[in-house]
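A.B. asks: Okay, here's what each chain looks like letter by letter:
There are 2 protein chains.
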Amino acid sequence: MNSSPQTVVLSGGVGGAKFADGLYRVLPKGNLTVCVNTGDDFSAYGLSISPDVDTVCYTLAGIANFETGWGQADETWNTLEAIEKLGGPVWFKLGDKDLSTHLERTRLLSEGWTLSEVISRFCDKWGIQARVFPMSNERVSTIVKTIGNGLIPFQEYFVDNKCEPIVDGFIFRGVESAYPCPGLIEAITKAEAIFIGPSNPLVSIEPILRIPGVREEIQKKEKVIAISPIVGGKTIKGPLAKMYTEMGKEPSSITVANDYRGLITGYIMDVIDRELEKQLSQWDIITMSTDTVMKTLQNRVRLAEESIAFLDREFSR
Amino acid sequence: MNSSPQTVVLSGGVGGAKFADGLYRVLPKGNLTVCVNTGDDFSAYGLSISPDVDTVCYTLAGIANFETGWGQADETWNTLEAIEKLGGPVWFKLGDKDLSTHLERTRLLSEGWTLSEVISRFCDKWGIQARVFPMSNERVSTIVKTIGNGLIPFQEYFVDNKCEPIVDGFIFRGVESAYPCPGLIEAITKAEAIFIGPSNPLVSIEPILRIPGVREEIQKKEKVIAISPIVGGKTIKGPLAKMYTEMGKEPSSITVANDYRGLITGYIMDVIDRELEKQLSQWDIITMSTDTVMKTLQNRVRLAEESIAFLDREFSR
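From first to last, the protein sequence lines stand for chains E and L.
The opening residue of the first sequence carries number 12 in the working numbering; numbering runs sequentially from there.
The opening residue of the second sequence carries number 12 in the working numbering; numbering runs sequentially from there.
Because the hints were derived from the structure by calculation, they are not lab data.
Beta carbons: idealized from backbone N, C-alpha and C, even for Gly.
Among the hints, a few may not be true.
To be verified - Listed next, with one range per pair, are the computed distances between beta-carbon atoms:
#: 1; chain 1: L; residue 1: LYS40; chain 2: E; residue 2: PRO164; range: 42 to 48 angstroms
#: 2; chain 1: E; residue 1: SER121; chain 2: L; residue 2: ASP179; range: 55 to 61 angstroms
#: 3; chain 1: E; residue 1: LYS306; chain 2: L; residue 2: THR307; range: 54 to 60 angstroms
#: 4; chain 1: L; residue 1: GLU175; chain 2: E; residue 2: GLN309; range: 51 to 57 angstroms
#: 5; chain 1: E; residue 1: ASP323; chain 2: L; residue 2: GLU167; range: 55 to 61 angstroms
What the hints assert, rightly or not - Derived lysine to aspartate or glutamate pairs resembling EDC-like cross-links, with alpha carbons at most 20 angstroms apart:
#: 6; chain 1: E; residue 1: LYS136; chain 2: L; residue 2: GLU95
#: 7; chain 1: L; residue 1: LYS96; chain 2: E; residue 2: GLU122
#: 8; chain 1: E; residue 1: LYS136; chain 2: L; residue 2: GLU228
All chains should be modelled from the sequences, with the hints used to inform the complete structure.
C.D. replies: Here it is in structure tokens:
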């Protein structure tokens with residue numbers, strides 16, 4: 012790691028991971044710190060699974076499945092098929108390669124490693140020249156409050172229930188007593204800029220911000236730029252638009268920006284939502300609109316380059 | 012299961028599994044109960060692994076790797092290769108299909124199932140029409156006492172250390188307080204005959220016999236026939252001959268029979284050891300010699316048929 016200005020990205024799974032990957036390819040090596048949501052972490056088959064962290068790491072390592080955005084490329088499913096024959100639950104899609112990550116993480120955790128130490132080791136093994144931090148080494152569990160279906164742990168809501176239950180809110184169990192990942196607050200303090208990736212503000216970014224000290228530290232920064240995960244009233248992936256609607260909010264870029272009010276100073280939204288930009292000027296948020304959909308590697312790189320150019324142009328002292 | 016006379020086989024891994032498979036193919040369906048050593052059970056990567064039970068089940072289900080005798084046929088190693096890239100230990104060869112067994116067992120155990128309930132379910136899923144009992148649902152751990160290397164858990168001695176340390180004896184930790192698997196004592200009581208498979212008497216059969224009540228119940232039986240795992244002073248597979256030598260005993264069929272003295276009434280040894288038969292007549296053990304090496308499926312079936320014929324011929328009332 013060199014000592015040039017650090018950039019910190021807050022990220023959930025696929026969208027945030029793609030944006031982080033763009034920055035990773037554009038910034039000098041060693042200048043990127045990705046802080047990842049672990050509220051979705053869960054246990055299955057005795058294994059500790061960190062879906063968002065793995066998605067970010069696989070993406071940065073260049074071993075992610077480009078089609079799905081999650082899991083590893085060239086994956087096989089021999090174990091899962093055999094589990095199905097044994098009558099076991101197969102709602103969480105465990106690929107054979109992906110399984111190795113969960114097995115080795117579980118082994119190291121049982122030997123007393125912290126989650127951030129495990130991730131650091133994995134990044135090293137995968138040749139990732141960026142720091143990937145879990146938001147905390149403590150266990151924080153995102154629980155979905157639903158109307159009619161009670162409380163549902165996030166992964167069960169997301170994968171098993173296919174996001175069908177109607178959402179009423181969220182509980183981040185354990186978040187009040189969780190410590191930020193060692194080095195995270197320092198990274199934010201020293202960072203030149205903070206990006207909030209195009210992840211779900213309600214269940215991917217909010218848990219990170221609720222870790223004691225994180226929001227407070229980010230609020231001190233001048234350059235905090237969010238990328239909207241909503242494009243033309245829809246989400247590229249995931250249940251955010253549906254959640255907003257169920258919670259009585261309009262599924263729009265404006266709603267996301269409103270959720271981040273008081274925290275962000277800059278906002279990047281899709282060119283399709285260009286006409287919404289003027290609504291944000293009254294909130295003291297500098298905006299930019301561009302093509303934010305990242306279907307290709309080139310898209311990621313271009314969005315990262317435009318984001319950095321936006322920073323330099325609008326936030327130069 | 013029907014109510015015809017039951018046959019109980021005590022078994023370790025490969026040798027006992029092959030013999031049990033021969034009986035399984037020869038006896039009426041539902042008449043076989045296999046009681047399997049679990050002293051080698053261990054945990055790796057947070058998973059509960061029962062090597063001998065799995066070998067027996069895979070063999071009876073016809074999904075065992077015929078070359079190695081352990082693991083599943085047509086196995087792939089994608090997870091293990093990825094673990095190796097992460098720097099994890101790979102001394103225990105976890106195949107992708109084999110992993111599913113450990114994952115699902117671990118999940119069910121964590122939900123409160125007993126090991127025998129798990130195995131019963133697996134047998135059902137694999138279409139095995141025999142009862143496979145772990146010796147106990149309690150944890151019993153075989154520890155190898157070595158000269159110069161202290162105490163080594165069995166799997167570590169067997170796989171990681173390749174049986175190289177010099178053996179001085181064994182500890183079966185937890186065996187005194189372990190209960191026999193539910194149904195095991197009853198199965199022995201009601202059995203027409205008990206076979207002790209050609210498994211290692213010291214580390215595969217002894218732990219079963221040490222479960223409180225098991226040896227006592229078997230000693231009441233008239234027809235208890237062991238098959239020698241030693242052929243011409245050597246073991247087909249595994250470290251028994253080496254262990255005997257290190258413990259100051261001759262690695263021979265006679266030593267095995269001596270270890271079972273007071274328990275067995277019949278003994279089947281290889282035709283190569285034919286001349287040793289007369290030594291056993293003074294111990295009130297009826298003997299038979301035949302080709303005991305089971306390289307093919309036909310060998311297994313023939314040995315099973317000959318064993319049953321031996322029973323009918325020599326032990327008819």
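A.B. asks: To test your reading of the hints: which numbers does this structure violate?
C.D. replies: Going through the list in order, the structure violates hints 2, 8 and respects the others.
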